[in-house]
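K.L.:
Here the protein sequences come in this chain order: A and B.
Counting from 0, one number per residue, gives the positions in the first sequence under numbering that gives the first Met the number 0.
Counting from 0, one number per residue, gives the positions in the second sequence under numbering that gives the first Met the number 0.
The hints are simulated quantities; they were obtained by calculation from the structure and are not laboratory data.
Fair warning: there could be bad hints in the mix.
As the list claims (entries may be wrong) - Each pair of labels, with its calculated beta carbon distance range:
#: 1; chain 1: A; residue 1: K42; chain 2: B; residue 2: P30; range: 44 to 50 Å
#: 2; chain 1: A; residue 1: S202; chain 2: B; residue 2: V22; range: 46 to 52 Å
#: 3; chain 1: A; residue 1: F107; chain 2: B; residue 2: D27; range: 38 to 44 Å
#: 4; chain 1: A; residue 1: A49; chain 2: B; residue 2: K10; range: 20 to 26 Å
#: 5; chain 1: B; residue 1: V22; chain 2: A; residue 2: E192; range: 40 to 46 Å
All C-beta atoms, glycine included, are put in the ideal place defined by N, C-alpha and C.
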Amino acid sequence: MKQSVYINSVGSVSAQKTFDNSFLDDVVLHNDTVINVIAPNYKEYIPPAAARRMAKGIKMSTVSAKNAMQEAEVAEDEIDAIIVGTGLGCIGDSEKFVSDIIDNNEQFLTPTRFIQSSHNTVAGQIALGIGCKGHNFTYVHSAISFESAVLDAKMQIEENEAKTILVGGVDELVDHHISTHRLIGHIKKEAVETMSILKSGTSGAVFSEGAHFFVLSNEKKSSCYSELVALKTFNVLSESQVSDETSNFLMEQGLTEESVDLIIMGNNGDNDFDSYYDSLSKGAFKNVAQAYFKHLSGEFDTASGFGFWLANMILKQGKVPASVQLNEKRAESVQTILIYNQYRGENHSLTLLKKC
Amino acid sequence: MSELKQELKEKIIEQLNLEDVAVDEIQDNDPLFGEGLGLDSIDALELIVMLDKDYGIKLADPKEGRKIFESVQTMAKYIEENRSR
């Protein structure tokens, strides 16, 4: 018999003040084309000797993972596995390492940047920090990196291969990454105000960064946020296939569009690709309460981790903040949430959560 | 020699990301590893690369490093005697 999968805690470092687990009480309004995280004081979480070799992505992840573990009240030796999703890993050190190779004619390469230039350094550093010798895996799969990590954890818990898993998604913003994405037009040319992003009418997205970690378990703890019911990813879908695949996904769970209390979507204000979301919001979900999140989190490969965090907070706290509401519909009580995300028409994901 | 020691202290702080350490907190004879600055084996590799890149000194035997990297004083002395740039 398959085990149920519970999300017992959340941890977030994002472009909003989420590191203290507050729930968008004061939305940070940006007006830019790239936005950085609202960083905690890392020294409160990480000893200076350890922090000195940590890239920004590792620091964000360490804080986020620590908060999640603390809230779930799991001891370090209770974590059976650490699974992380990341689009670009610690790209800052990757860039420095490659620059060193070029600048120094392939000589004088230092170990620290090499260690941090690998994608799996985040999961590795967290494991070293807590002494976890269990399954340690990193998924690198563009906009479904985070979902791939969650799916692996879900399957392991369902099949009783693990009881408690720390799962997360992380990506960091660095200069070269920004300049190349500006060059290819993936970043908006003009600054956009946070709450006006869907009205921008222009191409590209507002880029950002963040780290989101969760403790998933077969045991429902008092801190429980939700039950992870189903998750599916797709590499390529046409706009017309999105509705059909969403219907099929819900049908497999004995649900219809109307029985979902809230749909959370990853609209990022990109005029060329938000139509994928419109196919749901103006179609089968037009009578369902809708929310969006990338105006608050910005766009990055694992931005859906913020969407996952938002869904869990809504289910636990029983309220949908006004700042994320997309339409006029309001659910009386939010019991079931569907998250739909994609980036530039590729790497689509559907995640179904229910209140526990 | 004192200029070189000052330069070494600045480089150690910068290259090893010792954010909370100031140059004047490092005494010439303070041990760099263990109880002193608390450097570790990865730092030792960073220092070996620094000797090569900045002073043209190649350490053929990494064990030599144990004596050379005892302190800023021993580092400066070794660099003065062996540097090619």
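K.L.:
Hints the structure violates: just list their numbers, smallest first.
P.N.:
Failing hints, ascending: 1 and 3.
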